[in-house]
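J.: First to last, the sequence lines map onto chains A and B. Number 143 in the working numbering belongs to position 143 of the first sequence; there are no gaps in the numbering. Number 1049 in the working numbering belongs to position 49 of the second sequence; there are no gaps in the numbering.
I should point out that these hints are in silico values taken from the structure, not numbers from a laboratory. Note that this is a predicted model, so its numbers are computed, not measured. Among these hints, one or two may not hold up.
To be clear about the criterion: a stretch of chain B counts as covered by chain A if any three or more of its residues have a C-beta under 8 Å from a C-beta of chain A, and this derived list gives those stretches [to be verified]:
#: 1; region: 1370-1382
#: 2; region: 1385-1392
With beta-carbon atoms standing in for the labels, derived distance ranges [what the hints assert, rightly or not]:
#: 3; chain 1: B; residue 1: Ala1267; chain 2: A; residue 2: Arg171; range: 53 to 63 Å
#: 4; chain 1: A; residue 1: Pro167; chain 2: B; residue 2: Phe1118; range: 44 to 54 Å
#: 5; chain 1: B; residue 1: Leu1012; chain 2: A; residue 2: Gln15; range: 38 to 48 Å
#: 6; chain 1: A; residue 1: Lys108; chain 2: B; residue 2: Lys1464; range: 29 to 39 Å
One side only, chain B facing chain A, incomplete, derived with CB under 7 Å [said to hold, decoys possible]:
#: 7; residue: Trp1305
#: 8; residue: Leu1311
#: 9; residue: Arg1316
#: 10; residue: Asp1317
#: 11; residue: Pro1395
#: 12; residue: Ile1398
#: 13; residue: Arg1400
Yeah, the Cβ is synthetic: ideal placement off N, Cα and C, and Gly gets one too.
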Amino acid sequence: MNALEIQNLTKNFGQFTAVDHVSLTVGRGEIYGFLGPNGAGKTTTIKMIAGLLKPDSGEILINGFSLAENPRICKQETGYIPDRPWLYEKLTGIEFLQFIASLYNLDKARFSDSTEYFLNLFDLSEWKNHLIESYSHGMRQKLIMTSVLMQEQPLLVIDEPMVGLDPKSARLVKEIFKQRAKDGTAIFLSTHSLEIAEELCHRIAIITEGKLRISGDMETLRHEAGKKSSDLEDIFLQLTGAWEMQEVISALRDR
Amino acid sequence: MTRLFRPFLCGLRNRFFPEGKISSRTLIITGFGVVLFTALYLVSLKTIGYFHSQNELGVILALKIFQMAWVIVFTMLIFSSTVTGVSALFLSHDNEIIFAAPTSLEEIFGIRYLTTSFYTSWMMVVFSLPVFGAYGHVFQAGPGYFLIMIPIVVCIAAIANALGLMVTIILVNLFPAKRTKDIVVYLSLLFGILLYLVIRLLRPEELADPERFPDFIEYLSSLSTPATPYFPPSWASTLLTGYLQDHSIDWLLIGLLVTTPFVFYYAGEWIMTRGFFAGYTKAQESFGGYHKFREHDYSPSSLRWLFLKELKMFIRDSSQWSQLFLIGALVVVYLYNFKVLPLEQTLIPAEAVANIIAYANIGLTGFIIASLCTRFVFPSIGNEGSGFGLMLTSPLSIKRYICYKYLFYVVPFTLLTVILLGASNHLLQIRGPMWWVSLITGLIITWSVVAMAIGFGAIYADFKAENQAAVLGSFGAILYLFTALSYELITIIAGSIPAYRLVRSWRWDMHFSATVFIQTAGVFAAILLVSALISLLSLKKGMENVEKNYH
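Chain B with its partners taken away, still in its complex shape (with noise of 0.2 Å):
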């Protein structure tokens, strides 16, 4: 298998490691994300150092959050995996050489479980070292709770991806030749819903309301063995738990752990001698070969035709459309969310924690807009492959096609932005000024991302990529998240003052004095000036940059 592995490896070293230096690439990305590991670490540390503060229900209250964050990672980490297995093991460009090859089907899974591993879990895995370590920190469990957390992540992550390998096969399999890369649309939807059941039978909100709580000492009781006994992540957070609380070791559940990445690992190689031929066949086989489509009107309008382009591909490549539905479902959750949070229940005013929420929100709201992004406009340039080269020999300037490019991605994001910000200010029963403030700065940001989405994206677009997961885990999509995130974050900690004055102003006095507007409306300015620098120095450094990647 090392030698499977070995164009992985010093694919990676390339890119990281050029010429046996470290790059600038990778200080850069290394310490962004160090910067972020810290913050993470710090926030989740204040946060469960507060509720750990509090009486024994900000306790269970801290390990329900626990339990649930292992849950979501679990989740994510099978969808996740199931949705790229299905382009790294059937669709991947180097398919051809290795699978003409005198290689075996247990090689190839295994080159293919460790990639797909890689790409799908590092930043989970990454990410979620700090959250759990934090409570390590807090309960004051001492090293001996690393030694155990760390291993269990990686086992945790190690059991999804297996299973998402096999579930990939099997479902691929079982479909009709024509519509294998439509599998991805089933697949998208039953992990879409079984998020949203995941997430609404945790009542995430029922964290907050007193009258729950003999529930939750009832709750208490049970944390000590596992509540779904056939569930990884209960087996990682009850032996995390008991660690956590009284230091106690369940051996049952470390040998569990241990042991079932290897079986899963061992039960896919075996679907995958038996599945992965037929499945391959079948994936070769093109999607609408036989289809006849309709023929449009010709018109020569290079913007009309460059929108029908990005459309038709977009509608055409069920891989790309059909997470449209897991994105559905994650905005009924997000949105549910609002519906159901128990603001009368809390010692401040309603009102005033509605505004609080509704400009948190716009954070929120960013997030999914820059993840969307990471994941929909980053690559769109990439995405165009050697077609890339018609536009190159094409009379239309490079400046033009960004610009069309931008005004495509442009025009939904706003739409999801409004949808969002509307319906969550709607259901908060959000009345004022913070309506605007989280529409006009959740918008501004939206316009940048997309723009900075369009200019990193054209930076370092890979023409080439073997499949979309090399993509998304790419230096340049990290360096796009990263910087979208850490500019969202600014954007809005810095609106934040003016936006509590305005507020605050239009509460008490029904009116706004001179100098609160005045205040609000430079610090709105002064944003809305610097989105717009980012976003123009985004483009044209990407219309600058983007021939260079061709070659």
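This is chain A alone, in the form it adopts within the complex (with noise of 0.2 Å):
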């Protein structure tokens, strides 16, 4: 059984139609990347899954279980990281990670063991019982990661995961995704640094205007672009139709 299914998914609002029924299915222990240009749809959809928008049809399926039905089971099993950090700010670091595990019924001891594991590892220990609005943005980042993290759910969605993070962080992160998926987590990943997306996803699909143009893992994605030796900004560039790009940058570089 797939850790997500994703079947027809349609999100209108009003005439403008921002995902156009896009169906794809992510594996366990699969990290999938879900890559397209600004407005392509990219977060309309993670936010469906995530069960903050609901869909005008189509449907999403979360370990067999349809997220329409049982949101309360689904929202249990998907850990949801946004591209900026939901906070409060008046709450010390510990104190919202005390909040988000009552949400989600986490018990004492996993509770406990998890977050002084991950606190220690994002550098965030020392700061766990001070309030929120003096962390920096990448503090938040990493609070948010670790209120996510604590809970191993076997589903992660991840908007834009680097946003904010100094590169030892995000080493740090990109190695916690490898290592959560080898332990069978499915990461559903939307990215738009193409580096990241080639170094951790097992598949890859492209959004443009609210369609998936195509997903598949590299060799396909090459092959569909018809360059054989491409990098993935190559293939970005094809697939999205932005090749013409290329024109104005080298018009840029000559002036």
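Hints given; two lone chains; assemble the complex.
T.: Below, the structure is given as structure tokens:
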């Protein structure tokens, strides 16, 4: 059974179709990259998977459960890391983690082991009893990651994971994702960083104008783009129709 | 300054005239406003007309109330603009864009002054007009009165707001950096005391005390000259009193009222150019950033943690709890007035008057509760900000979340209602059924009004509000307040006849007849049922709509 299965997912905002009949699957232990230009429908898709937006049509299945019919079970099994950290400024780091843990009914022993581990890993232990309003952007991002990683859910949905992270933390996060995938966690990852996608993802999907343009491993993508030895950036530009950008870039360089 | 004013104007236009058309929201709010405006005008007309129709002393009483109203309006405006000024000037989300851009401090002061004045004053200005307008009608002052009165209300609001912002900038600069936000605590305390003193010094209870009448005649003679020559509301009330009595106009006072807003505005601008940057720098430092807080033990209970989260966020945000000082001061003034009411000096028996006041007091308490709900409960869901996404992605259902929110707020509001009604009933020396009528009706109103605040707060939640003032002046907040007050008014009117019969039956027969009992029980059961339905409907609509606002 797939950890995540999306069938014909569609979302309209008035006359505008943000996500148009998108279907995909993410297996256990798989890191699935979700790429696309700005406004392609990535965040809308992610928000629907996380239960933040109601689809107009289509279905989302998480570990075989329909998100529409069993939202509590699905949300319990999904960890969502947004691109901008959602936090309560007036709580301390540890209070925030306790609050999140209580929403997911995390047991006491696991809470204390996991939080200690991740707070140490992300160098946040010293700051755990300080108000979040005094945290830097990177610290906030690491705190929200801790709040998700501590729960060890079978599906992780991640929107732009490296925003605001220093190189050390970014390296750590990548290793954690790889390790989690090895342990059977499915990771659905949206990113603009093609290097991260190429390094981490087993399969990659590219979405443009709300439609899934292509989905597969690097070989499939190369084949589709007709560029056998290209890197992901070339393939991405080719498949998203942004190849003409090369001319603009050359023109800019010549100025 | 026009360029900085544009986002505010566009926001207003998009809110009230989306796509260039008048929205149903705008129509509803205008309708509510017109009804309330008319009701206020008619009530004022009746009250002032009653005083005016009495002998000369009645006229004095009416004019004394007139003076009090100006003082109260002015004081409240200074208070609210000072409190709002802290968040509008120093903590607005758009400060980073505006202040980083090549804009002058004069421009920033101008835009903050205009928007703060709008948010803090429009309701006070709009609803003081029918009261002051009724004076013109009763005293047959003619159209000239309105031509003077309306600009004066605007001038008084302009003075109060400029003064409020000036005080804010100075105080924010005086206090240590980490406590910038705590400034509001001191301001609230200061104005709480000021308001208390103003009201106490005016001694409203003496208005009904015949033994004080000789003093009032002396007072009448002093009405022609400003009692406190440096106090702008005195200029306004003295000028208009003169016009109301014999159409005389004091041009000096008009000159003072017209020029003072400009003087204060430019003084504020001057202070802004010298003190804003330092204050803004301080405001960006975290209040508790370097303070270590004590760690609690974890237990997996979402109810406990949601309560703890709400409580900690409230306690640690001084702009929230500091206003409790003001509420405290108001409660003391409120209860003290019951203590000093001269019940024995009225023509009807003191016990009957006490019962009437006790019943009317349900409405007053309800008004306080609704106002506090607008301030604290209505914005509580929108205040979650982007954190609300955490709720939506968690297994906690929206239904539970809304119920927890309701439970969190209903407890302190129940306590406040019991304290206000219990203490005032005690001071009024109420005996018999009115005690229970007052308490039960008051509690039903409170529980419903809190549910409505949660429901409306969810329906109109603004998770991206620029500042607290914008939330409190929003369509949803106004609609909530109007709806809650209308509900209270209808409830009190519906219950008045059975309550009267119940008290009369108890007073004369000392036992309830079956008919009275059935009628009373029937009406109060109907009130309970309708209130429960309104509460449930508000909460249900809130649950259904809250997700839509988040995106």
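J.: Now tell me, hint by hint, if it's right for this structure.
T.: These are the hints, each one checked on the structure:
Given as covered by chain A, the region 1370-1382 of chain B fails the check, having 0 residues with a CB less than 8 Å from a CB of that chain where 3 are the minimum. Using a Cβ-Cβ cut-off of 8 Å, 8 residues of the region 1385-1392 of chain B lie near chain A, which meets the minimum of three, so the contact claim holds. Range check, alanine 1267(B) to arginine 171(A): about 56 Å between beta-carbon atoms, so the 53 to 63 Å window is met. Our hint of 44 to 54 Å for proline 167(A) and phenylalanine 1118(B) holds, since their Cβ atoms are close to 48 Å apart.
Checked against the hint of 38 to 48 Å, the pair leucine 1012(B) and glutamine 15(A) fails, with Cβ atoms roughly 26 Å apart. About 36 Å separates the C-beta atoms of lysine 108(A) and lysine 1464(B), a value consistent with the hinted range of 29 to 39 Å. Satisfaction of the interface hint for tryptophan 1305(B) is found here, the shortest Cβ-Cβ separation to chain A being roughly 4 Å, below the 7 Å cut-off. Interface hint status for leucine 1311(B): violated, as the beta-carbon distance to the closest one in chain A is roughly 10 Å, over 7 Å.
Interface hint at arginine 1316(B): satisfied, since its Cβ lies 4 Å from the closest Cβ of chain A, which is below the 7 Å cut-off. Of the supplied interface hints, the one on aspartate 1317(B) holds, with its beta-carbon coming within about 6 Å of a beta-carbon of chain A, less than 7 Å. Against a cut-off of 7 Å between C-beta atoms, the interface hint on proline 1395(B) holds, since the closest Cβ of chain A lies about 4 Å away. Look at isoleucine 1398(B): its Cβ only gets to about 10 Å from chain A, farther than 7 Å, so that hint breaks.
At a threshold of 7 Å, the smallest CB-CB gap from arginine 1400(B) to chain A is about 10 Å, leaving the interface hint violated.
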